[in-house]
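Taken in order, these protein sequences are the chains called A and B.
FYI, UniProt numbering numbers position 19 of the first sequence as 19, with every residue one higher than the one before it.
FYI, UniProt numbering numbers position 114 of the second sequence as 114, with every residue one higher than the one before it.
Mixed in with the good hints there might be a few duds.
Said to hold, decoys possible - A few chain B residues that don't get close to chain A, going by computed Cβ distances all over 10 Å:
| # | residue |
| --- | --- |
| 1 | 37 |
| 2 | 84 |
| 3 | 90 |
| 4 | 117 |
| 5 | 123 |
| 6 | 129 |
| 7 | 134 |
| 8 | 137 |
| 9 | 150 |
| 10 | 151 |
As the list claims (entries may be wrong) - In silico BS3-like links for lysine-lysine, alpha-carbon gap of 25 Å or less:
| # | chain 1 | residue 1 | chain 2 | residue 2 |
| --- | --- | --- | --- | --- |
| 11 | A | 66 | A | 22 |
| 12 | B | 48 | A | 54 |
| 13 | A | 54 | B | 92 |
| 14 | B | 119 | B | 48 |
| 15 | A | 47 | A | 13 |
| 16 | B | 125 | A | 13 |
| 17 | A | 66 | A | 13 |
| 18 | B | 154 | A | 66 |
| 19 | B | 154 | B | 112 |
| 20 | B | 115 | B | 154 |
| 21 | B | 112 | B | 16 |
| 22 | B | 12 | A | 66 |
| 23 | A | 22 | B | 112 |
| 24 | A | 54 | A | 13 |
| 25 | B | 125 | B | 154 |
| 26 | B | 119 | B | 154 |
| 27 | A | 66 | A | 54 |
| 28 | B | 12 | B | 37 |
| 29 | A | 66 | A | 47 |
| 30 | B | 48 | B | 12 |
| 31 | B | 125 | B | 115 |
| 32 | B | 48 | B | 16 |
| 33 | B | 92 | B | 12 |
| 34 | B | 16 | B | 92 |
| 35 | B | 37 | A | 54 |
| 36 | B | 37 | A | 47 |
| 37 | A | 66 | B | 125 |
| 38 | B | 125 | B | 112 |
| 39 | B | 92 | B | 154 |
| 40 | B | 112 | A | 54 |
Since the hints were derived computationally from the structure, they do not count as laboratory data.
Please read all numbers here as calculations on a predicted model, not as lab measurements.
Note that CB positions come from ideal geometry on N, CA and C, so glycine has one too.
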Amino acid sequence: MAARKKVDHVCRKCHRVLDADKEACIICGDSSLSTDWQGYLIIIDPKRSEIAEKMNIDLPGRYALKVR
Amino acid sequence: MTEVDNHYYAIKTTSKQERAVADSIFRTIERRLLDIKVHSVIVPEELKGYVIVESPESHSRIQELVESIPSARSVVPGETSLEEVQHYLVPKPVVSGIEEGTIVELIAGPFKGEKAVVKRIDIGKEEITVELYESIVPIPITVRGDHVRVIERKGEE
Numbered sequence: 001m002a003a004r005k006k007v008d009h010v011c012r013k014c015h016r017v018l019d020a021d022k023e024a025c026i027i028c029g030d031s032s033l034s035t036d037w038q039g040y041l042i043i044i045d046p047k048r049s050e051i052a053e054k055m056n057i058d059l060p061g062r063y064a065l066k067v068r
Numbered sequence: 001m002t003e004v005d006n007h008y009y010a011i012k013t014t015s016k017q018e019r020a021v022a023d024s025i026f027r028t029i030e031r032r033l034l035d036i037k038v039h040s041v042i043v044p045e046e047l048k049g050y051v052i053v054e055s056p057e058s059h060s061r062i063q064e065l066v067e068s069i070p071s072a073r074s075v076v077p078g079e080t081s082l083e084e085v086q087h088y089l090v091p092k093p094v095v096s097g098i099e100e101g102t103i104v105e106l107i108a109g110p111f112k113g114e115k116a117v118v119k120r121i122d123i124g125k126e127e128i129t130v131e132l133y134e135s136i137v138p139i140p141i142t143v144r145g146d147h148v149r150v151i152e153r154k155g156e157e
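Just chain A, with the same shape it has in the complex (with noise of 0.2 Å):
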């Protein structure tokens, strides 16, 4: 569980990851945080992306792919 020993925290709104000592979400501001998460997604231009489309992600960053 790769996820887990590294211990980013994941917001459960918005699903993107954050470093280990961020207590809110810094896009959505949510202070609901997961440890517990699987999946790993990056998105580096989400405009060009068919991913981001999918995902429907317009900004730029790390996103867990499933937080419990």
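Starting from the structure of chain A, add chain B where the hints point.
Leaving out everything else, chain B in the frame of chain A:
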């Protein structure tokens, strides 16, 4: 939205370094250390030892990128398609493949190593309720779906 023709390449990585490779690719592209365009990087949970990059570049350009990324080993020859990749974006519930009557081994928690029979499955919570095989009094225990390993499915010889 998308005007460019995107290609999907699988990159072989050192075991358990999938996320590190994805982060390195992100840093390299973000800081413009190489003049290679990558639109996204996927690290599917089900596909160990590989990451998938979405890029408009040719195979040889991605090979060039891989050479500068630590723990990235090679680009798989050929390319894949969005159709083949998109199912990784919706991870399967961990309880899929488990049904009532399945014999499992608990792989985490206080009952680690014990065998049990599945009695109930909660797909929404991804939890299963099991009864330990060797206990005299049947006590139902609810555990996470990823804390068990399937030993024998119902109906298997």
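To see whether the hints hold, each was checked on the structure:
no., hint, in the structure
1, 37, "violated (7 Å)"
2, 84, "holds (13 Å)"
3, 90, "violated (8 Å)"
4, 117, "holds (25 Å)"
5, 123, "holds (13 Å)"
6, 129, "holds (18 Å)"
7, 134, "holds (28 Å)"
8, 137, "holds (31 Å)"
9, 150, "holds (18 Å)"
10, 151, "holds (21 Å)"
11, A:66 to A:22, "holds (19 Å)"
12, B:48 to A:54, "holds (23 Å)"
13, A:54 to B:92, "holds (17 Å)"
14, B:119 to B:48, "violated (30 Å)"
15, A:47 to A:13, "holds (22 Å)"
16, B:125 to A:13, "holds (17 Å)"
17, A:66 to A:13, "holds (11 Å)"
18, B:154 to A:66, "violated (28 Å)"
19, B:154 to B:112, "holds (22 Å)"
20, B:115 to B:154, "holds (14 Å)"
21, B:112 to B:16, "holds (24 Å)"
22, B:12 to A:66, "holds (23 Å)"
23, A:22 to B:112, "violated (33 Å)"
24, A:54 to A:13, "holds (17 Å)"
25, B:125 to B:154, "holds (22 Å)"
26, B:119 to B:154, "holds (12 Å)"
27, A:66 to A:54, "holds (15 Å)"
28, B:12 to B:37, "holds (19 Å)"
29, A:66 to A:47, "holds (23 Å)"
30, B:48 to B:12, "holds (9 Å)"
31, B:125 to B:115, "holds (22 Å)"
32, B:48 to B:16, "holds (8 Å)"
33, B:92 to B:12, "holds (22 Å)"
34, B:16 to B:92, "holds (20 Å)"
35, B:37 to A:54, "holds (19 Å)"
36, B:37 to A:47, "holds (13 Å)"
37, A:66 to B:125, "holds (13 Å)"
38, B:125 to B:112, "holds (21 Å)"
39, B:92 to B:154, "holds (21 Å)"
40, B:112 to A:54, "violated (39 Å)"
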